[in-house]
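Participant: The lines below spell out each chain.
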Amino acid sequence: MTLYGRRRLTNAVILALSFVATAMGLLVLFLILGTLLVHGVPALGTALFTQITPPPGGRGGLANAIYGSVVMTVVATLAGTPVGVLTGTYLAEFGRGSAIASVVRFINDILLSAPSIVIGLFVYEVMVVPMGHFSAWAGAVSLAIIVVPVVVRTTENMLLLVPAGLREAATALGAPRWKVIVAVIYRAALQGMLTGVMLAVARIAGETAPLLFTALNNQFFSPNMNAPMANLPVVIFQFAMSPYADWQLLAWAGALLITVAILVLNVLARWIASRSIATQ
Amino acid sequence: MTAIAEPTAVRGRMRRQRLADALFRNTTRAFAIGVMALLFAVLGALLLGAMPAISAFGFSFLWTSAWNPVKSVFGALPAIYGTLVTSAIAMLLAVPVGLGIAMFLTELCPPWLRRPIGTLIELLAAIPSIIYGIWGLFVLAPVLQMTVQPFVVDTLGNIPLVGVLFAGPPLGLGVLTAGFILAVMVLPFVASVTRDVFQTVPAMLRESAYGMGATTAEVVRRIVLPYTRVGVVGGIMLGLGRALGETMAVTFVIGNAHRVSASLLAPGTTISATLANEFTEAVGDLYAPALIELGLILFVITFIVLAAAKLLLLRLESRDAK
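Protein sequences, first through last, are from chains S and U.
Position in the first sequence counted from 1, then plus 9, gives you the numbering used here.
Position in the second sequence counted from 1, then plus 4, gives you the numbering used here.
If you're looking for bench data, these hints aren't it; they were derived computationally from the structure.
Hints may contain errors.
[Claimed, not checked] Pair by pair, the computed Cβ-Cβ distance ranges are: (1) U:Gln21 / S:Val276: 41 to 47 Å; (2) U:Glu126 / S:Leu169: 19 to 25 Å; (3) S:Leu40 / U:Pro206: 34 to 40 Å; (4) U:Arg225 / S:Pro172: 37 to 43 Å; (5) U:Leu51 / S:Arg196: 24 to 30 Å; (6) U:Pro206 / S:Pro232: 56 to 62 Å; (7) U:Ile37 / S:Gly67: 48 to 54 Å; (8) U:Arg225 / S:Phe39: 29 to 35 Å; (9) S:Pro232 / U:Leu51: 50 to 56 Å; (10) U:Val237 / S:Ile281: 31 to 37 Å.
[What the hints assert, rightly or not] A few chain U residues that face chain S, going by a derived Cβ cut-off under 8 Å, partial list only: (11) Phe28; (12) Val46; (13) Ile131; (14) Ala195; (15) Thr204; (16) Leu242; (17) Ile296; (18) Phe307; (19) Lys314.
[Stated by the list, open to error] Anything over 10 Å on all C-beta distances counts as not near chain U; from chain S, calculated: (20) Leu87; (21) Val171; (22) Leu199.
Only a predicted model underlies this, so the values are computations on that prediction, with no experimental measurement involved.
Glycine is no exception: its CB is placed at the ideal position from the N, C-alpha and C atoms.
In isolation and in its complexed conformation, chain S is listed as follows (with noise of 0.2 Å):
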């Protein structure tokens, strides 16, 4: 064979391959919506709304875990968020290049990855022990603890977007630099912001690790946060490795709900931001 030929061939393999890995890659995705939607379905009806979860044997459905992941997420979203925006104006706007800037970037980026069984640790040591018993409060800030680094990166990369004309003309006219970030700055990067936040919310909706030691679980309905609370990631996890195949069908129902949702929110956040970036 030619040099030519075999250049050619070692090409086409090449490209196949990388082909394959792509095709590879999507079939995965396909197989396990395909696998959530024919175990999940069926498992959809009224009653997984309005019934608490069974007993073993039992009829019943997921509202009390559907309840507590909506209160426990919504509490988290709203205590992570204020947090995660100030440190993020604070890196976008008046730490830039500054030491402890890059030192909070640099530290944010790891949190961003960091085992999160390991905050549920951390949440475990420093608010179960003291209180004495699991609560969803201690759910609540350990979900938090994950929502801050990634509304940080969010922020500040979208507050770096704003144009400095922005920040120059409502400098001109005489605002001060609160008032420039706060009504200008803000209003300009809110698209952006809101999207990390729905990023942020749907990473927490489907964590179980911190939860484990956290919010446990809780058979019952129980609007008392300073108590367990179910949850529907602890609530699949605990009836996936259960022998009863109604726990297990409840599993799936669980799980297709949770899917759907976060991947919704992927994708609205991520058109949201695509409109964002092309009106400027």
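Since the structure of chain S is provided, determine the placement of chain U on it from the hints.
Facilitator: For chain U alone, kept in the frame of chain S given last:
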């Protein structure tokens, strides 16, 4: 009168604004420092919680493999071994596939398809760990047990030296299955970081190579990869950091056995799976501290890997800025 009154009013307002400015700036800085302190608080809390175990077992905790809650004897070796081996399998599988996807997206894919396909691959990263776990347990493990595992037992299992890795009955659950699941989970991280760094290659370099008659494969191997080497390694390390700390998916499929087995088909455990399974049931003076020490070890390992990844990616950035 107004001529005198106005400046004082203005001066008063100026002072208020300056005060508000300082307040705002310091508040944001306080929160930034708070985020920084969080890392040290995590480290401190884990260290404090692990203290009884650290003083009881010393460094031998790291290389002994006893795990006996009844007798309060604990060793971290099986968990550390499982964590490293599952992550190694995951990277072995995910890196070539991730590079392939990045190459497809930057070199081969028609431009109008780039965004949709890239987004779909990134959505793999959005699927929660627990979903991978339940999928791995009910779908992947039986499939591996029926097809892949008997095949490797019959073929690779007979080769001397390598055979030890693939000995034993195909159980479906075990270290190899956990590695497979982890590979799928880190794939989107490797693929998207690699794609992003591939895109930093100046069009001029790429086009010069094409102009000299290089094939696409040659451009990627001789131009793109050398140019982005640091970034690609950074992306791989980022994926590794994720794989090391992954909890739920592994807990479902690894089989949870505290032992070091030569065979990859045997059940094992990882640090995070041990924590997820045992922490809430840990009673006794040393059980919980031993588990917290495991968490501390995990945190330190992932910290080192992630910090290295970040430094490599920063180096690439600063080079691009020049």
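Participant: Against this structure, judge whether each hint is valid.
Facilitator: Do the hints match the structure? See the list:
1. A hinted range of 41 to 47 Å holds for the C-beta pair Gln21 of chain U and Val276 of chain S, which are about 43 Å apart.
2. The hinted window of 19 to 25 Å between Glu126 of chain U and Leu169 of chain S holds, with their beta carbons roughly 22 Å apart.
3. Roughly 38 Å separates the CB atoms of Leu40 of chain S and Pro206 of chain U, a value that falls within the hinted 34 to 40 Å.
4. For the pair Arg225 of chain U and Pro172 of chain S, the supplied restraint of 37 to 43 Å holds, since their beta-carbon distance comes to about 40 Å.
5. In this structure the supplied range 24 to 30 Å is violated for Leu51 of chain U paired with Arg196 of chain S, their Cβ-Cβ distance being about 44 Å.
6. Taken as a hint, the range 56 to 62 Å holds for the pair Pro206 of chain U and Pro232 of chain S, whose Cβ atoms sit roughly 58 Å apart.
7. Checked against the hint of 48 to 54 Å, the C-beta distance between Ile37 of chain U and Gly67 of chain S comes to roughly 51 Å, which is consistent with it.
8. Distance hint check: the CB atoms of Arg225 of chain U and Phe39 of chain S are about 31 Å apart, consistent with the given range 29 to 35 Å.
9. About 36 Å separates the C-beta atoms of Pro232 of chain S and Leu51 of chain U, a value inconsistent with the hinted range of 50 to 56 Å.
10. Between Val237 of chain U and Ile281 of chain S the beta carbon distance is about 33 Å. The supplied range of 31 to 37 Å therefore holds.
11. Here the hint on Phe28 of chain U is kept, as its CB sits about 4 Å from the closest CB of chain S, short of 8 Å.
12. Residue-level restraint check for Val46 of chain U holds (minimum Cβ-Cβ distance to chain S is 5 Å; threshold 8 Å).
13. Restraint check, Ile131 of chain U versus chain S: the minimum CB separation of about 6 Å is within 8 Å; hint holds.
14. Given hint, Ala195 of chain U at the interface with chain S, holds; its Cβ is 7 Å from that chain's nearest Cβ, closer than 8 Å.
15. With a least beta-carbon distance of about 17 Å to chain S, the hint placing Thr204 of chain U at the interface is violated under the 8 Å criterion.
16. A least Cβ separation of about 7 Å between Leu242 of chain U and chain S falls short of the 8 Å threshold, and the interface hint therefore holds.
17. The interface hint given for Ile296 of chain U is met, as the beta carbon of that residue sits about 6 Å from the closest beta carbon of chain S, less than 8 Å.
18. For the restraint placing Phe307 of chain U at the interface with chain S, the shortest Cβ-Cβ distance is roughly 6 Å, inside the 8 Å limit, so the hint holds.
19. The criterion of a C-beta within 8 Å of any C-beta in chain S is met by Lys314 of chain U, whose closest approach is roughly 5 Å, and the hint holds.
20. With a cut of 10 Å on Cβ distances, Leu87 of chain S stays outside the contact zone with chain U, its closest approach being about 15 Å.
21. Distance to chain U confirms Val171 of chain S as a non-interface residue, since its nearest Cβ pair spans about 16 Å, more than 10 Å.
22. Residue-level check passed: Leu199 of chain S sits 18 Å from the nearest beta carbon of chain U, beyond 10 Å.
Comparing the model with each earlier hint shows violations of hints 5, 9, 15; every other hint is respected.
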